[in-house]
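All chains, full assembly: derive it from the sequences and hints.
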Amino acid sequence: MTTPAGESDASAAAVAPLAPPDASLTLVAPAAPAPVVATQAPKMAPQVPSAVLPELDAKVEGFMSALGSTAVGSPEFAQQAESVRTMGDDDIRRAAETSNRMLQQPVKALKDGGISEGSAVGKTLLELRRTVEDLDPSQAAGAKRWLDLLPFGDKVTDYFRKYQSAQSQLNGILHSLRNGQDELTKDNVALNLEKTNLWASMGRLNQYVYVAEQLDTKLSAKIAELELTDPDAARTLSQDVLFYVRQKHQDLLTQLAVSIQSYLAIDIIIKNNIELIKGVDRASTTTISALRTAVIVAQALGNQKLVLDQISALNTTTSGMIERTSEMLKDNSAQIQEQAASSSIGIEQLQAAFANIYATMDSIDEFKIKALDTMSQTIGVLETEVDKSRAYLDRVQAHDARNAAGTLDLSTLPTS
Amino acid sequence: MGLKSWLGRRRGEEQAAAVPPAPTEQDILAALNRVNAMLAEGNAPPVITSRVQRIARTIRDTLPQLRHLGVGTIESYSVMATATDYLPEAVGGYLRLPREWADTRPIDGYKTSLMVLVDQLELLAATMDKILDAANRADAQALIAHGMFLQAKFGPPSGPDLTLGPTP
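Each protein sequence line maps, in turn, to chains D and S.
Residues 17 to 432 in my numbering are what the first sequence spells out, letter by letter.
Residues 5 to 172 in my numbering are what the second sequence spells out, letter by letter.
No lab work stands behind these hints, which were simulated from the structure alone.
The structure presented is a predicted model; accordingly, all values stated were derived computationally and were not measured.
One thing to keep in mind: the hints can contain errors.
Each computed DSS-like pair below joins lysine-lysine, with the alpha-carbon atoms no more than 30 Å apart [what the hints assert, rightly or not]:
hint, chain 1, residue 1, chain 2, residue 2
1, D, K127, D, K139
2, S, K134, D, K202
3, S, K115, D, K202
4, D, K294, S, K115
5, D, K211, S, K115
Have a look at this one:
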């Protein structure tokens, strides 16, 4: 009698021991970002698109010519100076508020994100460890000796019965592991949206930095020129306008650095989440693989049908397949039974499968410790940076009599 | 059962509440009914209702197959999560918005909230269809296997026939 090729392959696969999944799971915690130096910020931030440059230059020119046509010390002159003071205030404030909010993100990730013990994922992994320890075939070393000494009997049956009683718990664990992956993915989507917003706001700040630099150059030249003819006017211009331009420049750079720092911090959280998703995925697969092994071992050792919800597909097809093939290949059935009972698949394989689960959970734990460490470093750096921008917020709030729609307002320009 | 494992079990039972049990078929059906109630309550437009009903029908058809897929598989999780989380979340997000605004105001490029929701529902429907198809296919395999078995047992031998005819 001939056997269809697929059928014989399938039965061979059902009897052969399952190859353990790749043993080495390495989860890499990303390193904490170094503090961003304010003077380097414009180079790191999204560059000013060259298409916008003429428009920015025109703004600067417009301001310079308006300044030139007003008498130093006149009310119009004061208005000009005011528009420097309020330049980009809205954008700076918005960016500062964003980074303030962003500071909450790593703190939140540290407190109840995936890497913390108190998170849903953390609790589920803990629960998985407990359940697995309870089922572990090597946990009671005595059990193995019993297996060796006694003819396969009640001990084996008792052992595999544990699986059945742990079923609903395992279902809950597997479900909530996948749930945890969903949560982490949702977090990452939200963080990516924040990243996009932050990117746009950094682009805008960088445009203001460009304007401030241009104004600084032009004003300095003009003041140098005036110093020869009208030293008083030069001094007023320097005190009432150039001073504020430079202060604004500094504020912009500071805020830009803070924004970049937040941006880098978000990246760290996203990367951590991705690693954790990988780890949780491995935890589920190793668990299912161990259950699968248990079903086969139960069949082999105790000739006992172990029906588990988690892998019922395999269970029905496997046992069905063995039965069906043994009926089909009547002469081969003895051999199949023998194979099943041989040591090629036994407690050792089950122990290996459990070792895999432990290895996975250990590497997740190890990752968590490292990730928690870098996360607190990230928060430390971000906190000092955000404090700097808070100083700005306080100053602006004190000086709130401002003209929001000054001539140097860039809020209508595209950012990229 | 050793003392240690007994203690371990006790500890496990105490902690069992930490991990909620996986949703049962009843939970899934109840979740689908809740979505229906949400739609009726929110007076959702027919474009939405019809699509949600189609997804719900596919999920109901898939439920009996979940047992064959095994609870631990990603497919059965997707079905459960669609019924209990993804679908209510999508529909709820739309229904929470002022209707006029949601149907006319573009929020994602040129797409209104309604269009965004329709896209999400289409994706969910396609995914559910795919899972149902895969589950049915797995079942059909059993039919093929059984056919092969019957063929092997009762069918004409596929090799050269060595059976002797009836003795004359």
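Evaluation of the provided hints:
1. D/K127 x D/K139: It holds: about 13 Å lies between the C-alpha atoms, which stays within 30 Å.
2. S/K134 x D/K202: holds, 23 Å
3. S/K115 x D/K202: Answer holds: S/K115 to D/K202 is near 21 Å, not above 30 Å.
4. D/K294 x S/K115: violated, 33 Å
5. D/K211 x S/K115: Holds. D/K211 to S/K115 sits at ~22 Å (cutoff 30 Å).
Hint 4 from the list above is the single one not met by this structure.
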